[in-house]
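Turn these sequences into a full structure, and let the hints guide you.
Protein chains in written order, with the working numbering: chain H, 5 to 385; chain X, 8 to 142.
By construction, these hints were calculated from the structure, which means they are not laboratory data.
All of these numbers come straight from a predicted model, not from anything done at the bench.
The beta-carbon is built from N, C-alpha and C at its ideal position, and this holds for glycine as well.
Just so you know, not all the hints are guaranteed correct.
[Claimed, not checked] No more than 30 angstroms apart at the CA atoms, straight line, and that leaves these computed lysine-lysine pairs for DSS-like:
#, chain 1, residue 1, chain 2, residue 2
1, X, K10, X, K89
2, H, K362, X, K122
3, X, K10, H, K362
4, X, K122, X, K89
[To be verified] Computed footprint of chain X on chain H, listed as stretches where at least three residues anywhere in the stretch have a Cβ under 8 angstroms from a Cβ of chain X:
#, stretch
5, 28-34
6, 337-351
7, 360-371
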Amino acid sequence: MDDVLLRSLTPSVLGILVRRGADFAAAEDAVQDALVEAVRVWPVDRPRDPKGWLVTVAWRKFLDATRTEAARRRREELVDEEPAPGAATAVDDTLQLYFLCAHPSLTPSSAVALTLRAVGGLTTRQIAQAYLVPEATMAQRISRAKRTVAGVRFDQPGDVATVLRVLYLVFNEGYSGEVDLAAEAIRLTRQLAAAIDHPEVAGLLALMLLHHARRAGRTAPDGSLVPLAEQDRSRWDTGLIAEGVEILQAALARDRLGEFQAQAAIAALHADAPTAEETDWVQIVEWYDELVGLTDSPVVRLNRAVAVGEAEGPRAGLAALAALDDSLPRHAAVAAYLHERDGDPETAARLYAEAAEKAPNLAERAHLTRQAARLNARLRR
Amino acid sequence: MAKYLLLKHYRGAPTPVNDVPMDRWAPEEITAHVRYMEDFAARLEETGEFVEHQALSPGGTFVRYDGEGRPPVTDGPFAETKDLIAGWTVIDVDSYERAIELAGELSAAPGAGGKPIHEWLEVRPFYGVPSTITE
Numbered sequence: 005m006d007d008v009l010l011r012s013l014t015p016s017v018l019g020i021l022v023r024r025g026a027d028f029a030a031a032e033d034a035v036q037d038a039l040v041e042a043v044r045v046w047p048v049d050r051p052r053d054p055k056g057w058l059v060t061v062a063w064r065k066f067l068d069a070t071r072t073e074a075a076r077r078r079r080e081e082l083v084d085e086e087p088a089p090g091a092a093t094a095v096d097d098t099l100q101l102y103f104l105c106a107h108p109s110l111t112p113s114s115a116v117a118l119t120l121r122a123v124g125g126l127t128t129r130q131i132a133q134a135y136l137v138p139e140a141t142m143a144q145r146i147s148r149a150k151r152t153v154a155g156v157r158f159d160q161p162g163d164v165a166t167v168l169r170v171l172y173l174v175f176n177e178g179y180s181g182e183v184d185l186a187a188e189a190i191r192l193t194r195q196l197a198a199a200i201d202h203p204e205v206a207g208l209l210a211l212m213l214l215h216h217a218r219r220a221g222r223t224a225p226d227g228s229l230v231p232l233a234e235q236d237r238s239r240w241d242t243g244l245i246a247e248g249v250e251i252l253q254a255a256l257a258r259d260r261l262g263e264f265q266a267q268a269a270i271a272a273l274h275a276d277a278p279t280a281e282e283t284d285w286v287q288i289v290e291w292y293d294e295l296v297g298l299t300d301s302p303v304v305r306l307n308r309a310v311a312v313g314e315a316e317g318p319r320a321g322l323a324a325l326a327a328l329d330d331s332l333p334r335h336a337a338v339a340a341y342l343h344e345r346d347g348d349p350e351t352a353a354r355l356y357a358e359a360a361e362k363a364p365n366l367a368e369r370a371h372l373t374r375q376a377a378r379l380n381a382r383l384r385r
Numbered sequence: 008m009a010k011y012l013l014l015k016h017y018r019g020a021p022t023p024v025n026d027v028p029m030d031r032w033a034p035e036e037i038t039a040h041v042r043y044m045e046d047f048a049a050r051l052e053e054t055g056e057f058v059e060h061q062a063l064s065p066g067g068t069f070v071r072y073d074g075e076g077r078p079p080v081t082d083g084p085f086a087e088t089k090d091l092i093a094g095w096t097v098i099d100v101d102s103y104e105r106a107i108e109l110a111g112e113l114s115a116a117p118g119a120g121g122k123p124i125h126e127w128l129e130v131r132p133f134y135g136v137p138s139t140i141t142e
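Below, the structure is given as structure tokens:
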């Protein structure tokens, strides 16, 4: 319980230190030290005001750490200016931190690592484990990221789109390691949505909730992938779906469409269908058209071809596919599926085998190989 | 981020440009080569792109199951085996282009005459974790 509380307090404590004048890297170290002390002390002597306690301890750690000659002068000035401890503008401090950790000067992987550490309050070990890299590597990534943003002024308004991209990267990383990154991304996006009134933040939160709601149905007990059409819909989390749909509808009502809202709308149409057959593919195609207009991404066009195949038949899907570069990821898998539905199992089997070779992960490779094997067995009969 | 394997071959890769067997190098050229490899790994550690590196000894044995209750069959090493892995470096980088750039850097390790070996390295992507969103 304390672990969750500590993680949720981390960003605002860090924000307060930085606002008081600590530079980001030193403040971050000080907050981590304070968290370690909290883990040690709280089980014995739980403070009445956990956040106030953390601010006090972290500030002391920061002052201790900046005891060089040059820093001493600066420290004395800072102590003079030190504002009284207390709640104050916690929400704003947290928000600035999101922007700082997703600063455009950072590479995506650095932004992800720094966000999880500074905003998420995860330990370096936990982050390293989640990304399957040595702890020393992750420590380097984080300290380099901190150095990169060290000179960034804290009061500059950030770019919401960059923050959202970073959170989406975290969400998409899946479920490896001791920390559930998808759940962590949802927690951070919820926190962001509470601090900032922006339809795309709501759109991303809705998208994550709607995808997360289907998580239990997405894999079989043996870990193999279950395609959307074959998922046991009773295993979907209806509470999360309802919440996602509600957040999305409120966002859409504001008439400032963005790509996360459009993607969430597609996810909502899938989540809403009582059976795969009852999926409203016509409306899904319309949302894909919106998405193409917003992003013009080839991957979106590929997904649109799948939807067209469902709404208007496999021939129409194949026609939409023909306009696309066949080197796109998953192009062969989509072509295989459409050819099978079009009654050409031979081409489909060949394409499934080709798609399996290009699969980005083992679960997909196994799934696509099984599809090819299934068709080949039928062809031999 | 994606992980890539940079693979060094004893045999099997195309011939390097500066193709002189290591035992014909000057001793200080060998020292310089080893230092280059160590510096390369150290730079990767500093950029937060290092995952691991390992060297393999050249001798290998083929092993095969030989039926219930029987010891496995062993054979080799086979001199004619075409491909022989010398070692690898695993990196975790932001793009394929970065993986190629780093492999190029590694291939520039100095050899005979202090000149780059221009060794061919194989770059192989790892399978990733299934992303949360697949459909």
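* Taken at face value, is the distance from the CA of K122 (chain X) to the CA of K362 (chain H) at most 30 angstroms? -> 37 angstroms, violated
* Asked: Taking 30 angstroms as the top limit, are the C-alpha atoms of K10 (chain X) and K89 (chain X) close enough?
  -> 26 angstroms, holds
* **Hint consistency between K122 (chain X) and K89 (chain X) [alpha-carbon to alpha-carbon, up to 30 angstroms]** => With a Cα-Cα distance of about 27 angstroms, the restraint between K122 (chain X) and K89 (chain X) holds, given a limit of 30 angstroms.
* Verify the coverage statement for the stretch 28-34 of chain H against chain X, using a C-beta to C-beta distance below 8 angstroms and requiring 3 or more qualifying residues. => Since three or more residues must qualify, the claim that chain X covers the stretch 28-34 of chain H is violated, with 0 doing so at under 8 angstroms.
* Check, residue by residue, whether the stretch 337-351 of chain H contains three or more positions whose beta-carbon lies closer than 8 angstroms to a beta-carbon of chain X, and give the verdict. => Violated - the stretch 337-351 of chain H has 0 residues with a Cβ nearer than 8 angstroms to chain X, which falls short of three.
* Compare the distance between the alpha carbons of K10 (chain X) and K362 (chain H) with 30 angstroms, and conclude whether the hinted pair is satisfied. => Answer holds: K10 (chain X) to K362 (chain H) is near 16 angstroms, not above 30 angstroms.
* Do three or more residues from the stretch 360-371 of chain H put their C-beta atoms closer than 8 angstroms to C-beta atoms of chain X? -> Our answer is that it holds, as 7 residues pass the Cβ test (under 8 angstroms) against chain X, meeting three.
Comparing the model with each numbered hint stated earlier shows that hints 2, 5 and 6 do not hold.
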